[in-house]
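The task is simple: from the sequences and hints, build the whole structure.
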Amino acid sequence: MPSGVPRAQVLLPSFRYDNNNNDCNDLDRKQRSCLKKKVLILGLDGVGKTELFTQLLCWDRKKLKIDSLPRPTLGYNVETIRLHCHHLCHRQYHEITLWDCGGQSSVRSLWSYHYSNTSLLVWLINIHDRSRLDTNIFLLSQILTNPTLNRVPVAIILYNSSFHSYYDKNSNTNTNENLLTNLEVSFRFLATLSTSQASTFKWQVINVTLDEKNSEADLKKLRQCFMELMEL
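Be aware that the sequence shown starts at 1, since it is given in UniProt numbering, and climbs by one per residue.
To be clear, the hints were calculated from the coordinates, so they are not data collected in a lab.
This structure is a prediction, so every number in the text was calculated from the model and none was measured.
The C-beta atom is built at its ideal place from N, Cα and C for all residues, glycine as well.
Among the hints, a few may not be true.
[To be verified] Each computed EDC-like pair below joins lysine to aspartate or glutamate, with the alpha-carbon atoms no more than 16 Å apart:
#1 Lys37 x Glu79
#2 Lys37 x Glu228
#3 Lys202 x Glu228
#4 Lys37 x Glu231
#5 Lys36 x Glu79
#6 Lys202 x Glu231
#7 Lys36 x Glu231
#8 Lys37 x Glu95
#9 Lys221 x Asp211
#10 Lys36 x Glu95
[Stated by the list, open to error] Restraint ranges, calculated between C-beta atoms of paired labels, are given here:
#11 Gln204 x Asp134: 14 to 24 Å
#12 Asp134 x Cys34: 38 to 48 Å
#13 Asp134 x Leu35: 30 to 40 Å
#14 Asp45 x Asn146: 17 to 27 Å
#15 Ser116 x Thr200: 11 to 21 Å
#16 Arg82 x Ser131: 35 to 45 Å
#17 Glu95 x Arg151: 20 to 30 Å
#18 Tyr113 x Phe187: 30 to 40 Å
#19 Cys58 x Ser194: 33 to 43 Å
#20 Glu95 x Gln204: 21 to 31 Å
#21 Arg151 x Asn178: 27 to 37 Å
#22 Cys34 x Ala191: 36 to 46 Å
So, in structure tokens, the structure goes:
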């Protein structure tokens with residue numbers, strides 16, 4: 001993870017209100033609670049997991065060093081962010097711990113040590129990398145057979161990393177040609193699930209491009225996906 005990255009205090013929208021009613025404020029203090037969630041980010045090597053992890057931590061994109069070369073994550077990166085939600089007189093905040101695990105074949109055997117207490121499994125796929133789609137689907141389906149991840153919701157993210165876009169641009173290739181699609185990946189993933197297994201957990205497939213033009217819109221898409229799958 002890049003050094004000097006500020007921790008974000010909000011990943012999801014925060015709704016605040018002013019109320020001078022002392023009774024309501026007293027009730028608010030009594031009903032204040034904390035929910036702890038764990039998001040596990042997995043995927044093959046070089047798909048942009050650490051870049052996405054960093055984006056989720058940073059509130060100011062200008063402070064990101066997106067021009068620096070990506071480095072393989074040999075172990076894992078972990079950070080906790082706090083999300084505030086206000087509903088009428090009930091105040092909650094969610095402490096979400098983000099785990100970014102290395103995707104190289106030599107460290108994949110360590111993934112299972114991080115499965116416990118997972119609230120959401122995020123599986124990243126390079127949207128340009130059609131050649132490894134079979135490997136992605138196979139590994140994900142194998143991971144989900146682990147009893148520890150039973151009923152854990154899954155977000156499959158087709159990620160268009162800023163580095164992928166940079167390399168495609170410099171190689172004079174059409175960046176919109178032959179990209180993986182949500183529908184295609186959904187069908188392929190669904191085909192690996194048994195009829196009973198398909199109804200035991202929630203899952204979504206979304207495509208995300210975090211660059212100068214799409215960052216804000218796609219971060220909102222990510223927030224919405226996380227909210228729905230973790231029922232926040």
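Against the structure, the hints:
1. Lys37 x Glu79: 12 Å, holds
2. Lys37 x Glu228: 14 Å, holds
3. Lys202 x Glu228: The hint holds at about 9 Å.
4. Lys37 x Glu231: Holds, because 11 Å separates the two Cα atoms, which is no more than 16 Å.
5. Lys36 x Glu79: 13 Å, holds
6. Lys202 x Glu231: Within the cut-off at roughly 11 Å; holds.
7. Lys36 x Glu231: 13 Å, holds
8. Lys37 x Glu95: This hinted pair holds, its Cα atoms lying about 6 Å apart.
9. Lys221 x Asp211: 14 Å, holds
10. Lys36 x Glu95: OK: Lys36 and Glu95 at ~5 Å, within 16 Å.
11. Gln204 x Asp134: 14 to 24 Å: The hint (14 to 24 Å, Cβ to Cβ) holds, given that Gln204 and Asp134 are roughly 21 Å apart.
12. Asp134 x Cys34: 38 to 48 Å: 42 Å, holds
13. Asp134 x Leu35: 30 to 40 Å: 37 Å, holds
14. Asp45 x Asn146: 17 to 27 Å: The hinted range 17 to 27 Å holds for Asp45 and Asn146, with Cβ atoms some 21 Å apart.
15. Ser116 x Thr200: 11 to 21 Å: 18 Å, holds
16. Arg82 x Ser131: 35 to 45 Å: 40 Å, holds
17. Glu95 x Arg151: 20 to 30 Å: Hint holds: Cβ distance 21 Å, inside 20 to 30 Å.
18. Tyr113 x Phe187: 30 to 40 Å: 32 Å, holds
19. Cys58 x Ser194: 33 to 43 Å: Cβ of Cys58 to Cβ of Ser194: about 40 Å, so the range 33 to 43 Å holds.
20. Glu95 x Gln204: 21 to 31 Å: 23 Å, holds
21. Arg151 x Asn178: 27 to 37 Å: 35 Å, holds
22. Cys34 x Ala191: 36 to 46 Å: 40 Å, holds
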